[in-house]
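> Read in order, the letters of the sequence shown correspond to residues -11 to 329 in my numbering.
Everything labelled a hint here was simulated from the structure, so no lab data went into it. Heads up, none of these hints are tricks.
Pair ranges (Cβ atoms, derived):
id	residue 1	residue 2	range
1	K256	R215	25 to 31 Å
2	D138	L98	33 to 39 Å
3	R216	P84	47 to 53 Å
4	N212	P84	51 to 57 Å
5	K256	G224	14 to 20 Å
6	A39	G145	22 to 28 Å
7	E199	K256	16 to 22 Å
8	K256	S(-7)	50 to 56 Å
9	L155	K256	44 to 50 Å
10	V173	F82	55 to 61 Å
11	Q133	V311	21 to 27 Å
From a predicted model like this one, the values you see are computed outputs, not experimental measurements. Virtual Cβ for every residue (Gly too), placed ideally from N, Cα, C.
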Amino acid sequence: MGASSVLLFCLPASPLAQPWSVVGGNVISALVGAACVRWLSHALPLPALAALATALAIGAMFSLRCLHPPGGAAALTSVIGGPAVHAAGFSFAFGPVLLDSLLLVAAAILYNNLTGRRYPHSQVLAHPTPHATKDAVPTVRLGFQPQDLDAVLKRYGQVLDISRDDLEALFLQTELRAYQRRFGVISCGDIMSKDVITAEFGTSLVTAWREMRGHHIAAVPVLNPARRVIGIVTQGDFLRHSGLDDYRSMRERLVEFLRPSGMSHSEKAEVVGQIMTPRPKVARLDTPIVDLVPLMADAGLHHIPVVDAEERFAGIVTQSDVVAALYEHRLAEAAPAAVSA
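Turn these sequences into a full structure, and let the hints guide you.
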């Protein structure tokens, strides 16, 4: 149980520390040990019996995909635990081992989630596409592919104490760092728009829509009186909340949606705060723009507010800003080479 605790509380992202690994690995291994004691103790000396029980427990955990290193100790304890453990037989696995494993997992779920760590750490799609199509997201169309990682792991042929999605995320972050080192650091503060149209929670929908249409912009950051970002409202928010699924009546529906009800209390959305996306992703002035590439290319974000060291709104970066910055940077690098040639 002490060894299981180290994995659960110190390495919660490890495949060896997931609930099925902990509960299944400990209980199955204890059952294997108890079975060896019951049916083979008369035929083998204690050291050989302990070695056999541990080996069979490892094989069982591999087969049932619940590999958990402390499970070896559970099998060993079933063999060398003494008369009390031997007398308990299979109930040793379904009694203290199962109960303690379940309590440990429950405590780990509570502790890790309260401290901001994802547990259970289930395998997730590392690059979900926001468009629900079969195309890979832009950041994995070049560089190493997920299938490359799968092929290498298969050829490697050993168990890694890290989940596949975490490993892939580390590789992608490494690629971004290498790109940043090669091409230099361009920060959000260098390319962001500073004279930005903003709104407050109570800004009317009509006002916000007119500002967006008048300035030809697709999103408006929503700020509180302290100029901290509390949300962002986009054209998509207007269309989604107005139920514009019938394009033949789009104009009529939008006009009806924007028209104030004239009532002091209404279920109809009338201010920006009622339709905005709360707590949007933000960047800092010194955030390298390469950090925005996965958010914009993969997650489908088109506008990212930028805040200063005091978390106050400072500007906004759009996909166009990032593309232009990368293009200008590459153009500046190519110019000296063209001259020398």
